[in-house]
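> Chains as they are written, first to last, in my numbering: chain A, 854 to 1011; chain B, 62 to 478.
Simulated from the structure, these hints should not be mistaken for lab results. Do not take every clue at face value.
The calculated lysine to aspartate or glutamate pairs, modelled on DMTMM-like cross-linking and capped at a C-alpha distance of 25 Å, are [said to hold, decoys possible]:
1. A/Lys868 / A/Asp965
2. A/Lys991 / B/Asp86
3. A/Lys909 / B/Asp412
4. B/Lys442 / A/Glu896
5. A/Lys868 / B/Asp94
6. A/Lys882 / B/Asp86
7. A/Lys882 / A/Asp976
8. A/Lys868 / B/Glu250
9. A/Lys868 / B/Glu474
10. A/Lys991 / B/Asp94
11. A/Lys882 / B/Asp424
12. A/Lys909 / A/Asp998
13. B/Lys398 / B/Glu250
14. A/Lys868 / B/Asp86
15. A/Lys923 / B/Asp110
16. A/Lys991 / B/Asp412
17. A/Lys991 / B/Glu474
18. A/Lys868 / B/Asp475
Partial pick of chain A residues on the chain B-facing surface, computed with a CB cut under 8 Å [as the list claims (entries may be wrong)]:
19. Lys868
20. Leu869
21. Ser871
22. Tyr873
23. Leu878
24. Glu879
25. Cys904
26. Gly905
27. Gly928
28. Phe986
29. Arg989
No experiment lies behind these values; they were computed from the predicted model shown. Quick reminder that beta carbons are idealized off the backbone N, C-alpha and C, glycines included.
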Amino acid sequence: MADSGSDSGDYAEPKLNSLYQHLILEHYKSPRNRGEVEDPTVEIHMQNPTCGDEIKLTLKVENGRIAEVKHTGQGCSISQAAVSMMSQLLADRPLDDAGRIAERFTEMMHGDEEARKDRSMGDLRALAGVSRFPVRVKCALLGFDALQEALKEIGAAT
Amino acid sequence: MPTDVRAFDPEVLRGDFPALDQSVDGHPLVYLDNAATTQKPRAVIEALDRYYEADNANVHRGIHELSRRATEAFEGARSKVARWINAADATEIVWTRGTTEAINLVAFAHGFDMLGAGDEILLSILEHHSNIVPWQLVAARTGATIRYIEIDDDGEWILEDLPDLVGPRTKIVALNHVSNALGTINPVEKVVEHVRSRAPEAVILLDGAQAAAHMDVDVQALGVDFYAFSGHKVCGPTGIGALWGRKDRLEAMSPWQGGGEMISVVERDHSTWAAVPHKFEAGTPNIAGAVGMGAAIDYVGAVGKPAILAHERDVVGYAIRQLESRFGDRIRIWGPKALDRRSGVVSFSLDFAHPHDIATILDSEGVAVRAGHHCAQLVMKRYGVPATARASFYLYNTIEDVDRMVSALGTVEDFFG
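Okay, chain A solo, but in the shape it has when bound (with noise of 0.2 Å):
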């Protein structure tokens, strides 16, 4: 018989517990800034249409800093802890952190080990197991694809 699960990662932990952390299953149940931001700055709807995963991330910018993030939609567990831990980072961030965070988020769905060791980047770390897991980057990405989005419409408006 042929083995083609072979396990590349340097994770001590059993796969499957590396991907669904306490911690992420924590915020798929009871995900931080669920909701719509009342009259937003920007308004970005993003969806997965392989999947059907959506996420629609509402923000409010104030002298260059995101003053209120927040986020609906449905999705895997995956998709919507991230948004959630997204939007627990971004409160009260300057514009320019915002676009940092994604691209180190970005690295880290890489397999990135700086990244992922990077402590700024807060809950989100735990997210790192999903690298292992190539079909599911996608769905780690949505809400920063959302957010990525968002500043540059915020971008082309300033």
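Here the structure of chain A is known, so what remains is to put chain B in place on it, guided by the hints.
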């Protein structure tokens, strides 16, 4: 390959499929994604090898020996397909890339020419996107409108609506024989009867992608105009499929692609067409694919489709009983309640986990299922779910495969329950 009829035994049959003999993440593979594509028996893989190793040449144009052999194998496979669905003649079989291309062929070659503003195309919301989007293209081009047969809570067509849906404006009726998303075996005979009495000139096409591998198909008895299906869902190679069309319908249609093979005479300013089916087969066809599909039909035919369907019913019945007793009211199994209305598909939702998380956890235990909208977004919208998990069974799946799936769903419950 089973050239003689042998007793139906999935344990023996699975030995014919090399891909099933492997481990995923240290677990023996349980392959339950057969509605997406079936695995290939050694007989098909060897037929492809033999063709490329000994007979490879272009068809219909060489005098030499290899071209003769390739043409014979290619046309021989066409005859097998014709017999398989009881077509009146092999010239009624057009090779395509698969079901999708077969439907597009009818949409482009018939729909674009024959429809106009005010005409109606009748579909059902149970269709795969491949039997919706081509008709939306036709509607956009011609001004025709699309109407839909709705489904009830059990995934069955609401036939009471037919008198309102079918009339003199109905020009095309395109429906799936078996649903890929829910497994419903659709009462196409009833719809055909209704359409023939109320809109005798309407062209009826059946999407047989999910039916051809599981049940005997008799296109003449069905009384339709077109029947489309794919090789890769009947144990054959990818990239090959067939469109059956009634001879007079095919002859009335213009070509939809131009090139070699499909012409009779080419002049500077015009050309004349080859006879059907070659009129619709521009360019070098997928010769090896056709040969492989012929071998697949031989294999599945020798196993016997009535035996396959009966086996699937046993396995599906067992799966539904196990799932319901294990998860009670925390699982919703979509599709018909009556087993004889359902093919080898079990589409389900758990109230505590998203289908993607289900599929990832099952995969980590070697169980391959599909999670998503199954290219049937209208069905998902009807039931208000973004996606479902779908286990689809075939001749080589066993009761033990079901047990492995249910056990892996226990792990899903451990994480999410």
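> Now tell me if each hint is right for this structure.
Going through the hints against the structure:
Restraint check for A/Lys868 and A/Asp965: satisfied, since their Cα atoms lie roughly 17 Å apart, inside the 25 Å limit. Simply put, A/Lys991 and B/Asp86 have alpha-carbon atoms about 22 Å apart, close enough for the 25 Å limit, and the pair holds. The straight-line distance between the Cα atoms of A/Lys909 and B/Asp412 is roughly 23 Å, inside the 25 Å bound, and the hint therefore holds. For the suggested pair B/Lys442 and A/Glu896, the alpha carbons sit about 24 Å apart, so the restraint of at most 25 Å is met.
Taking the CA atoms of A/Lys868 and B/Asp94, the gap is about 23 Å. The hint holds against a cut of 25 Å. A threshold of 25 Å between alpha carbons decides the hint, and for A/Lys882 with B/Asp86 the separation of about 28 Å lies outside it, so the pair is violated. At most 25 Å may separate the alpha-carbon atoms for a hinted pair to count; A/Lys882 and A/Asp976 meet this at roughly 15 Å. Proximity of A/Lys868 to B/Glu250 is assessed by CA-CA distance (about 50 Å); at most 25 Å being required, the pair is judged violated.
At roughly 17 Å between alpha-carbon atoms, A/Lys868 and B/Glu474 fall within 25 Å of each other, so this suggested pair holds. The hinted pair formed by A/Lys991 and B/Asp94 meets the criterion: a straight-line CA distance of about 22 Å does not exceed 25 Å. Restraint check for A/Lys882 and B/Asp424: satisfied, since their Cα atoms lie roughly 23 Å apart, inside the 25 Å limit. A distance of roughly 11 Å separates the Cα atoms of A/Lys909 and A/Asp998; the hinted pair therefore holds under the 25 Å criterion.
Note on B/Lys398 and B/Glu250: the hinted pairing holds, with a Cα-Cα distance of about 20 Å set against a maximum of 25 Å. Taking the CA atoms of A/Lys868 and B/Asp86, the gap is about 9 Å. The hint holds against a cut of 25 Å. A hinted pair counts as satisfied when its Cα atoms are at most 25 Å apart, and A/Lys923 with B/Asp110 does not qualify at roughly 57 Å. This hinted pair checks out: A/Lys991 and B/Asp412 have alpha carbons roughly 23 Å apart, not beyond 25 Å.
Of the pairs offered as hints, the one joining A/Lys991 and B/Glu474 holds, with about 24 Å between alpha carbons and a cut-off of 25 Å not exceeded. A distance of roughly 15 Å separates the Cα atoms of A/Lys868 and B/Asp475; the hinted pair therefore holds under the 25 Å criterion. Hint status for A/Lys868: holds, given a least beta-carbon distance of 6 Å to chain B, under 8 Å. The interface hint given for A/Leu869 holds, since its Cβ lies 5 Å from the closest Cβ of chain B, which is under the 8 Å cut-off.
A hinted interface residue such as A/Ser871 counts as satisfied when its beta carbon comes closer than 8 Å to some beta carbon of chain B; here the least separation is about 11 Å, so the hint is violated. With a least beta-carbon distance of about 5 Å to chain B, the hint placing A/Tyr873 at the interface is held under the 8 Å criterion. At its closest, the beta carbon of A/Leu878 sits 7 Å from a beta carbon of chain B; the interface hint therefore holds under the 8 Å criterion. Against a cut-off of 8 Å between C-beta atoms, the interface hint on A/Glu879 is violated, since the closest Cβ of chain B lies about 12 Å away.
The beta carbon of A/Cys904 comes within 5 Å of a beta carbon in chain B, closer than 8 Å, and the hint placing it at the interface holds. Here the hint on A/Gly905 is kept, as its CB sits about 4 Å from the closest CB of chain B, short of 8 Å. For A/Gly928, the interface hint holds, the least distance from its beta-carbon to any beta-carbon of chain B being 7 Å, beneath 8 Å. Of the supplied interface hints, the one on A/Phe986 holds, with its beta-carbon coming within about 6 Å of a beta-carbon of chain B, less than 8 Å.
Among the interface hints, the one on A/Arg989 holds; its C-beta lies about 6 Å from the nearest C-beta in chain B, closer than the 8 Å criterion.
In this structure, the hints that do not hold are numbers 6, 8, 15, 21 and 24, in rising order.
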